[in-house]
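Novice: Construct all of the structure, not just a fragment, from the sequences and the given hints.
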Amino acid sequence: SQQGEEDPQALSIQEGENATMNCSYKTSINNLQWYRQNSGRGLVHLILIRSNEREKHSGRLRVTLDTSKKSSSLLITASRAADTASYFCATDAYTGFQKLVFGTGTRLLVSP
Amino acid sequence: ETGVTQSPTHLIKTRGQQVTLRCSSQSGHNTVSWYQQALGQGPQFIFQYYREEENGRGNFPPRFSGLQFPNYSSELNVNALELDDSALYLCASSGGLAGVREQFFGPGTRLTVL
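Which chain is which? The protein sequence lines are A and B, in order.
Per the numbering used here, residue 1 is the first one in the first sequence, and the count goes up by one each step.
Per the numbering used here, residue 1001 is the first one in the second sequence, and the count goes up by one each step.
Check the hints yourself; a few may be wrong.
Stated by the list, open to error - Listed next, with one range per pair, are the computed distances between beta-carbon atoms:
hint: 1; chain 1: B; residue 1: Glu-1054; chain 2: A; residue 2: Asn-38; range: 27 to 33 Å
hint: 2; chain 1: B; residue 1: Arg-1063; chain 2: A; residue 2: Pro-8; range: 35 to 41 Å
hint: 3; chain 1: A; residue 1: Ala-82; chain 2: B; residue 2: Thr-1009; range: 31 to 37 Å
As the list claims (entries may be wrong) - Where chain B lies over chain A, by a calculated footprint (3+ residues, C-beta under 8 Å):
hint: 4; segment: 34 to 47
hint: 5; segment: 57 to 63
hint: 6; segment: 71 to 80
Hints were generated in silico from the structure; no laboratory data involved.
For clarity, every value in this text was computed on a predicted model and none was experimentally measured.
We treat Cβ as the ideally placed atom computed from N, Cα and C, and that holds for glycine.
Specialist: Encoded structure:
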């Protein structure tokens, strides 16, 4: 079963605009990770944020985590056509072993 | 490129057959996890191997089994294939000396069951 939901399910923007994706989850977590997937191929790890962190940056990516609301957001600034992909959040509760539980994903389309 | 490789890239089988998928983990990683991703869905955890032992399993039947070898590469075996087993199968490696928590995924194997 899926842990959480990404919102929106699909997002269409122009190059140069910012893209914000939200993720909600259900249980307590150790960390939350964001991944990108191009055309149904392998997942590319973008960023990991630990449960005791509130915000993290990596290049054009900004991730926030609110454990009280069980939610996270991924902001991609100054989007490029190459950012077109599906984006997934995955939670790691680490109950003796590391098991990532993925959301349903946001499909992002960035038009030139 | 993550350094995680999977073979084959694509595979077509018929119902009732058996299949073996292979994964080579990233250098220095001792943990391999397998995920199944149905079309339009997020990946779902099948199981995880740590130092040649299964140390965690998701909600998949026993006909899904695996192995991990001394070099930390891994196999996923699925017996008595069903149509619903058609999916992208992803392996991910993690671990290493620093206890890295990120999982690094391979490109996947697309399995079609007819």
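Novice: All the hints need checking, so say for each whether the structure fits it.
Specialist: Hint check results:
1. Taking the beta carbon of each, Glu-1054 of chain B and Asn-38 of chain A are about 30 Å apart, inside 27 to 33 Å as hinted.
2. Separation of Arg-1063 of chain B from Pro-8 of chain A is about 37 Å and conforms to the stated range, judged on CB atoms against 35 to 41 Å.
3. Hint check: Ala-82 of chain A to Thr-1009 of chain B, Cβ distance near 23 Å, so the stated range 31 to 37 Å is violated.
4. Beta-carbon proximity to chain B at under 8 Å applies to 7 residues in the segment 34 to 47 of chain A; the threshold of 3 is reached and the given coverage holds.
5. Restraint check on the segment 57 to 63 of chain A versus chain B: 0 residues with Cβ-Cβ distances below 8 Å, three needed, restraint violated.
6. For a cut-off of 8 Å, the count of residues in the segment 71 to 80 of chain A with a CB near a CB of chain B stands at 0, and the three-residue condition is violated.
Checked against the numbered hints listed earlier, the structure breaks hints 3, 5 and 6; every other hint is satisfied.
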